[in-house]
Every structure is written in structure tokens, then in C-alpha cells.
Amino acid sequence: MSVALERRRKELNVSNEVLFFSIVIPAYNEENYIGKTLSALKELDYPPSRLEVIIVENGSTDRTDSVVAANAPVSAKVVRIAETGVSHARNLGADLVSQASDWVIFLDADTYFAPTFLRELDRFLRANAGRNLGTGMVSLRPVPDSRVARGWYHFFNFVSYVTRTTKSIQFIRRDLLGDIRYDESLTFGEDEQMLKECRRHVRHFYLKTRSVFSSTRRFLRNGWIRELFTSIHLIVLPYRKKQSIDYTAPR
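Here full-length UniProt numbering is used: the first residue of the sequence shown is 1, the next is one more, and so on.
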């Protein structure tokens, strides 16, 4: 390899080795969904040495703990705590991430990957290594699938792309997680607030994919129109107002 090419490779931080991903899954009363999510992780076409799974079971009152025990990958770290709160669970999971990790994926318990997804994500991130990407999101496909659900998800994916807000999954470069944390005072919009803080330092990406699936439960429980206005409300609401909201996610 020429000196010029070697210098360019170092500048782009490109390696022949695939990226190391850490997947952090907070789990509170997720007995109906987390089994599928964990089973899908065991089917991933990705080197096990470049992947870790951290599950934070935080105060569930249903069978979440036993479902995790039955379905988690053998190498997964499972942490059980009494304190509830998704931000607390994510922060604890972030503290346990390997120092070898490149990216942390905060994954909701009702969202899962196709076997090829991490390969796809790795190719995208390494191809864009020179852009200082530090946060990201992806398009989602609905589960269960229907014509109505596909139509709404197409719209919500567009809103996510335009507004850089997200639900279900967030991608954050590991080195950002030392000083930037999920705000544990928020029960509503904590993921958007986290990404906003990170974007002060790095660039954001949106990956259009057909390999990430997410439950429609909140839409079916609350209604598609209501969720639309909730999302808009989340985008425009000032931070101090978000702190006063006591929001409970549908289970």
C-alpha cells in the first residue's frame, strides 16, 4: 500500500475489521415482545467477537425476566435492577458498554433486526467514516404488517427524516456517552433530547433500510392520529415543559 493511501485510510478511520456494535435493550414489562427481539439477535449474520448485547431489566412486574432468560443470546449481559425508568436503564447499559465498542445501539424491546442488518449498517458507517457521524436513526417497518400500517409508517419515517427525531431505536457513537447522558427527569421525549445534545458535537445520519421492524402497539393503543399529534407536540415542546409530563408508554 502506498504512503498516500495509508495516510488516507488513517484519516478516514477505515479498517478491514468490521465495526464493534453494542446493543443496549431496556426492558420493563415486555413479556409479549422481547422474546422475538432477542431471538432475532441470535440470527444476526455478524461476527460474535464484534458484537455485545446488554439487557437491563428494570423492575418488571410481569414475566419479562423469565422470557429474557429463555431467549437471550448466551453471551448477553443481563442486569436486573429495581428502579424503573427507561433513561435510567439506558444510562446503566451505556456504563457497561465495552471500551472496544464503536457504536451503541439503544434498542426498544419491541424492535428487531433482520439477520443482515448489522452488515448493512457496518458498510454504511465505514463508507461514511470521514463525515464525523455520531448519531443516527433508520427507517422502520411495521409489525404486524398491513396496508394501513405501511402507509402510516411511510409517513412517520418521513417525519423522522425531516425532524431528526426518533422512536424505537437510536444509534450513538460510543465516545459521546462519557459526558452526554439520557435525562432521567424526562418520561417523554428523552430520546430526542439525547440526540439533540449529541448533535451539538457531531453529524447525524438517516439510513433507509428494509431490515428493521418495530411493533405498532402504541399506534393501535393510542390511535394513529393521536400518535401523529403526540409526535408533533414532542418536537415543538420546550425542554422545561417536557420535564413536567408524566408519560407512560403502552405495554
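Note that these hints are calculated values from the structure, not bench results.
Where is the CB? At the ideal position from N, CA and C, for every residue including glycine.
Worth double-checking, as some hints may not be accurate.
[Said to hold, decoys possible] Quick list of in silico lysine-lysine cross-link-like pairs, DSS-like style, CA-CA up to 25 Å:
1) Lys196 / Lys167
2) Lys196 / Lys36
3) Lys36 / Lys77
[To be verified] Derived DEER-like restraints, expressed as beta-carbon distance ranges:
4) Ser49 / Glu197: 18 to 24 Å
5) Ser49 / Arg210: 25 to 31 Å
6) Phe124 / Glu197: 22 to 28 Å
7) Asn128 / Asp62: 38 to 44 Å
8) Gly151 / Asp175: 26 to 32 Å
9) Arg226 / Asp62: 22 to 28 Å
10) Pro48 / Glu83: 28 to 34 Å
11) Ser39 / Val79: 16 to 22 Å
12) Phe124 / Gly59: 16 to 22 Å
13) Ile225 / Arg123: 36 to 42 Å
14) Gly59 / Ser39: 31 to 37 Å
Quick rundown of the hints versus the structure:
no., hint, result
1, Lys196 / Lys167, "14 Å, holds"
2, Lys196 / Lys36, "30 Å, violated"
3, Lys36 / Lys77, "17 Å, holds"
4, Ser49 / Glu197: 18 to 24 Å, "31 Å, violated"
5, Ser49 / Arg210: 25 to 31 Å, "27 Å, holds"
6, Phe124 / Glu197: 22 to 28 Å, "23 Å, holds"
7, Asn128 / Asp62: 38 to 44 Å, "40 Å, holds"
8, Gly151 / Asp175: 26 to 32 Å, "39 Å, violated"
9, Arg226 / Asp62: 22 to 28 Å, "25 Å, holds"
10, Pro48 / Glu83: 28 to 34 Å, "31 Å, holds"
11, Ser39 / Val79: 16 to 22 Å, "20 Å, holds"
12, Phe124 / Gly59: 16 to 22 Å, "36 Å, violated"
13, Ile225 / Arg123: 36 to 42 Å, "37 Å, holds"
14, Gly59 / Ser39: 31 to 37 Å, "24 Å, violated"
In this structure, the hints that do not hold are numbers 2, 4, 8, 12 and 14, in rising order.
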